[in-house]
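Chains A, B and C are the protein sequences, given in the same order.
What the first sequence shows, in our numbering, is residues 1 to 319, in sequence order.
What the second sequence shows, in our numbering, is residues 1 to 319, in sequence order.
What the third sequence shows, in our numbering, is residues 1 to 319, in sequence order.
Fair warning: there could be bad hints in the mix.
Claimed, not checked - In silico lysine to aspartate or glutamate, DMTMM-like type, Cα no more than 25 Å apart, as pairs:
{"#": "1", "chain 1": "B", "residue 1": "Lys-102", "chain 2": "A", "residue 2": "Asp-14"}
{"#": "2", "chain 1": "B", "residue 1": "Lys-24", "chain 2": "C", "residue 2": "Glu-64"}
{"#": "3", "chain 1": "B", "residue 1": "Lys-102", "chain 2": "B", "residue 2": "Glu-314"}
{"#": "4", "chain 1": "B", "residue 1": "Lys-132", "chain 2": "A", "residue 2": "Asp-14"}
{"#": "5", "chain 1": "C", "residue 1": "Lys-94", "chain 2": "B", "residue 2": "Glu-64"}
{"#": "6", "chain 1": "B", "residue 1": "Lys-37", "chain 2": "A", "residue 2": "Glu-64"}
{"#": "7", "chain 1": "C", "residue 1": "Lys-94", "chain 2": "B", "residue 2": "Glu-299"}
{"#": "8", "chain 1": "B", "residue 1": "Lys-250", "chain 2": "B", "residue 2": "Asp-212"}
{"#": "9", "chain 1": "C", "residue 1": "Lys-125", "chain 2": "B", "residue 2": "Asp-212"}
{"#": "10", "chain 1": "C", "residue 1": "Lys-181", "chain 2": "A", "residue 2": "Glu-80"}
{"#": "11", "chain 1": "A", "residue 1": "Lys-37", "chain 2": "C", "residue 2": "Glu-64"}
{"#": "12", "chain 1": "A", "residue 1": "Lys-24", "chain 2": "B", "residue 2": "Asp-270"}
{"#": "13", "chain 1": "B", "residue 1": "Lys-94", "chain 2": "A", "residue 2": "Asp-270"}
{"#": "14", "chain 1": "C", "residue 1": "Lys-102", "chain 2": "B", "residue 2": "Asp-14"}
Source of the hints: derived by calculation from the structure; they are not laboratory data.
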Amino acid sequence: MKNFLSANDAGNIDDLVHTALHFKTNPFSNSSLGKGKRIGLLFLNPSMRTRLSTQIAAQNLGMESIVFNASQEGWAFEFEEGAVMNGTTAEHIKDAAPILGKYFDILGIRTFPTLKDRESDYAEKVLHQFVKYCGIPVISLESATLHPLQSLTDIITISSHLPVENKTKPKVLLTWAPHVKALPQCVANSFAQWVNAWGHANFVITNPAGYDLDEKFTSGAEIIHNQDEALKDADFVYVKNWSSYQDYGKIINVDDNWLLDNKKLETTNDAKVMHCLPVRRNVELSDEILDGGNSIITEEAGNRVWAAQAVIQEILRNV
Amino acid sequence: MKNFLSANDAGNIDDLVHTALHFKTNPFSNSSLGKGKRIGLLFLNPSMRTRLSTQIAAQNLGMESIVFNASQEGWAFEFEEGAVMNGTTAEHIKDAAPILGKYFDILGIRTFPTLKDRESDYAEKVLHQFVKYCGIPVISLESATLHPLQSLTDIITISSHLPVENKTKPKVLLTWAPHVKALPQCVANSFAQWVNAWGHANFVITNPAGYDLDEKFTSGAEIIHNQDEALKDADFVYVKNWSSYQDYGKIINVDDNWLLDNKKLETTNDAKVMHCLPVRRNVELSDEILDGGNSIITEEAGNRVWAAQAVIQEILRNV
Amino acid sequence: MKNFLSANDAGNIDDLVHTALHFKTNPFSNSSLGKGKRIGLLFLNPSMRTRLSTQIAAQNLGMESIVFNASQEGWAFEFEEGAVMNGTTAEHIKDAAPILGKYFDILGIRTFPTLKDRESDYAEKVLHQFVKYCGIPVISLESATLHPLQSLTDIITISSHLPVENKTKPKVLLTWAPHVKALPQCVANSFAQWVNAWGHANFVITNPAGYDLDEKFTSGAEIIHNQDEALKDADFVYVKNWSSYQDYGKIINVDDNWLLDNKKLETTNDAKVMHCLPVRRNVELSDEILDGGNSIITEEAGNRVWAAQAVIQEILRNV
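Given these sequences and hints, build the entire structure.
Pasting the structure below:
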């Protein structure tokens with residue numbers, strides 16, 4: 001593994017899952033691999049779970065990690081080729097990235113979409129410039145359109161809850177949920193991409209009309225605009241809001257009630273409920289689900305560490 | 001020791017003091033105890049001494065520490081049960097705390113009071129929700145009403161300055177001091193609670209009328225509203241401002257001069273002067289005291305490390 | 001070496017360069033020297049390269065490092081002797097510095113000039129108070145008027161590019177460049193001080209009228225106000241903007257074009273181009289230079305680590 005930017009970089013996903021679950025029971029089983037190596041974690045946008053879990057994963061492998069919150073620590077990067085930098089941006093990515101490549105062995109980067117310029121966001125302009133100019137392996141800590149560490153975590157979590165003798169594929173449902181802010185599509189895109197690449201699920205996506213995701217990621221999944229119908233017999237329900245991809249970055253008013261509660265779970269196969277967090281309680285998901293026995297959300301967030309540790313190990317082996 | 005939230009969690013205070021003073025001369029004497037363990041330090045409010053001293057204490061015990069400044073790193077927590085989160089709070093404590101419990105072995109938390117809702121502040125609503133939901137030992141890095149690491153530090157510092165043959169109890173005076181801002185009562189409450197629990201002092205508190213602290217913490221101390229009278233024969237003078245507990249969170253105008261200077265020290269028993277810092281020079285304490293031989297304030301702040309190290313060691317032994 | 005605040009603290013610069021270049025090929029060759037030692041990195045102003053490179057240098061020597069961003073983490077320091085602190089400053093340097101001296105073995109500090117009060121800035125009031133009151137060795141991470149870690153880096157970088165059989169001194173040119181903001185003079189002052197102290201260059205400075213630097217640092221260099229003339233036969237061109245020293249902190253309008261591009265390099269001796277970064281592309285330096293073969297700027301920034309590591313090692317040997 002050279003970079004970790006999407007499911008396309010994952011190699012054999014089952015192997016990654018297996019490695020992650022091994023680390024879950026043996027966190028320090030490879031604690032000298034990273035000795036003398038250093039990972040830089042550059043956040044252009046804030047983070048809690050991703051920052052903490054990646055730092056911990058690196059430490060478990062014996063690496064040093066250094067966090068740099070660019071937005072808070074006062075660094076506005078320029079990404080435009082040929083820019084005359086007489087405005088507010090202080091440093092061009094072409095100058096900053098190679099330095100980070102000199103200071104670190106691996107670079108983790110979090111960027112967010114503009115939610116205004118779809119073409120630019122979906123070209124992953126910012127992420128790809130870091131990859132192009134830093135000269136070291138890059139791990140996406142969430143990018144404009146994808147969140148691969150979250151999705152690997154999700155596959156790990158689903159895998160942990162499959163029966164040992166798993167003869168039929170589980171029904172995995174990704175459902176849109178309401179939110180008060182316009183959020184990126186990245187977690188949903190990425191989940192779709194990974195479940196498709198994993199291949200061990202009957203994968204269904206449900207969202208209101210106007211919220212269909214980019215087919216580049218969803219192709220292979222069944223898309224249903226009626227949530228009640230989609231929930232039927234689901235084994236896993238992944239809840240997530242996203243803003244519109246078609247009417248890019250917009251919130252489209254929705255008449256139906258898309259908030260998931262226990263009533264809606266009744267037609268499922270006693271489904272496990274998942275969410276990447278942070279979650280808006282009683283907007284996306286009801287208290288009764290979050291505080292009840294069907295939620296595996298805390299376990300899911302805990303698995304972030306093992307996903308990151310599996311990925312960093314793969315990259316360290318090639319550094 | 002399971003949690004460290006107040007003097008009630010301290011067990012035998014003399015033993016803790018003894019342990020801390022041992023670490024002061026042997027910082028690395030137990031440096032492998034924390035190997036493979038991790039402490040998360042979550043600051044809902046800014047900190048300098050507490051953050052640095054706790055990080056250092058954890059490092060001395062061989063632990064990894066990770067700091068998370070929630071207010072700066074953009075995380076507004078929701079604490080209300082049943083909240084419909086369609087406003088500005090991004091994540092409920094019920095969802096965030098268990099994750100921190102999965103990532104860390106010990107959680108340190110700093111919270112501040114509202115200074116508006118006394119009942120809520122004195123119920124330590126925020127701190128107790130972290131304790132309830134995180135599932136791991138919690139160390140208070142200052143809470144709405146108490147600051148136990150500071151108070152243990154203060155007892156350590158006083159202990160260091162007692163004569164070896166200590167036949168009579170020293171007179172320890174806590175005196176209110178002026179300030180330009182409305183400050184919490186937590187340092188004063190906590191000092192009172194700890195000196196009372198410690199039991200080796202004649203303990204007096206002096207403050208202007210209207211500034212009496214909660215009897216829950218001060219009970220056992222003599223309270224005198226005349227500073228001059230209170231200072232007489234004091235061996236230790238602990239200087240601290242706090243806002244009113246009765247007229248909750250307010251600054252009440254005070255006619256007398258409560259600023260401590262050398263003139264006022266004349267009637268003491270050449271008292272050692274203490275303060276938790278930061279101090280407003282020439283508002284709370286005069287330059288001449290801060291720069292003179294009676295101040296043991298720098299030593300006191302240095303002892304923060306050893307207090308934290310003693311506490312973390314006690315908790316690690318039970319993790 | 002006790003402190004590292006300017007070229008005056010460097011001792012034999014050639015020896016420091018030699019040590020740094022040794023670390024460049026053997027980063028971990030002295031990785032137990034700093035065991036059990038701790039460096040505090042206090043930033044009163046933001047930093048990327050300095051923060052990262054100094055942390056890495058300390059880690060390479062086996063030290064723990066703790067970063068404290070004072071401006072973000074909410075601490076406004078008071079520097080005036082005798083101040084009655086009833087305003088916005090929360091803590092006097094006289095109280096804060098000694099505590100840092102208790103917590104750390106070495107203190108790194110970044111401060112910036114006011115660019116308003118030249119006398120105060122050039123007295124390095126802030127830095128010197130830290131030195132005076134903290135009681136431990138201090139490393140300047142950039143101060144009001146100097147940036148010695150950058151300048152040592154620059155000498156290391158120039159040294160690396162000298163022919164082995166170096167019979168004649170290289171011509172080193174420091175040229176002023178345009179910028180949109182009023183920047184400190186510190187990088188330029190410091191470069192001048194170090195090149196003069198190093199003594200192995202024919203040193204020329206070119207800047208528009210009104211931008212002459214303090215003679216305290218430049219004395220010994222030839223100063224030319226015509227950039228074209230100055231560039232002739234240069235072996236190294238160091239590009240940097242600074243605000244006026246004479247009309248202190250001001251930006252003086254300049255008629256000529258001082259932006260360095262390939263055309264201007266033609267009369268040089270195929271000069272290597274240097275810059276401390278961050279650089280405003282197409283304002284200070286053209287894209288064609290930054291992206292071309294004459295730039296050694298990325299290498300220069302990478303050398304920050306080895307400069308810091310050589311300095312920290314020297315100080316650790318005396319701690």
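Do the hints match the structure? See the list:
no.: 1; hint: B:Lys-102 / A:Asp-14; in the structure: 24 Å, holds
no.: 2; hint: B:Lys-24 / C:Glu-64; in the structure: 18 Å, holds
no.: 3; hint: B:Lys-102 / B:Glu-314; in the structure: 21 Å, holds
no.: 4; hint: B:Lys-132 / A:Asp-14; in the structure: 36 Å, violated
no.: 5; hint: C:Lys-94 / B:Glu-64; in the structure: 31 Å, violated
no.: 6; hint: B:Lys-37 / A:Glu-64; in the structure: 15 Å, holds
no.: 7; hint: C:Lys-94 / B:Glu-299; in the structure: 14 Å, holds
no.: 8; hint: B:Lys-250 / B:Asp-212; in the structure: 13 Å, holds
no.: 9; hint: C:Lys-125 / B:Asp-212; in the structure: 42 Å, violated
no.: 10; hint: C:Lys-181 / A:Glu-80; in the structure: 20 Å, holds
no.: 11; hint: A:Lys-37 / C:Glu-64; in the structure: 16 Å, holds
no.: 12; hint: A:Lys-24 / B:Asp-270; in the structure: 59 Å, violated
no.: 13; hint: B:Lys-94 / A:Asp-270; in the structure: 23 Å, holds
no.: 14; hint: C:Lys-102 / B:Asp-14; in the structure: 24 Å, holds
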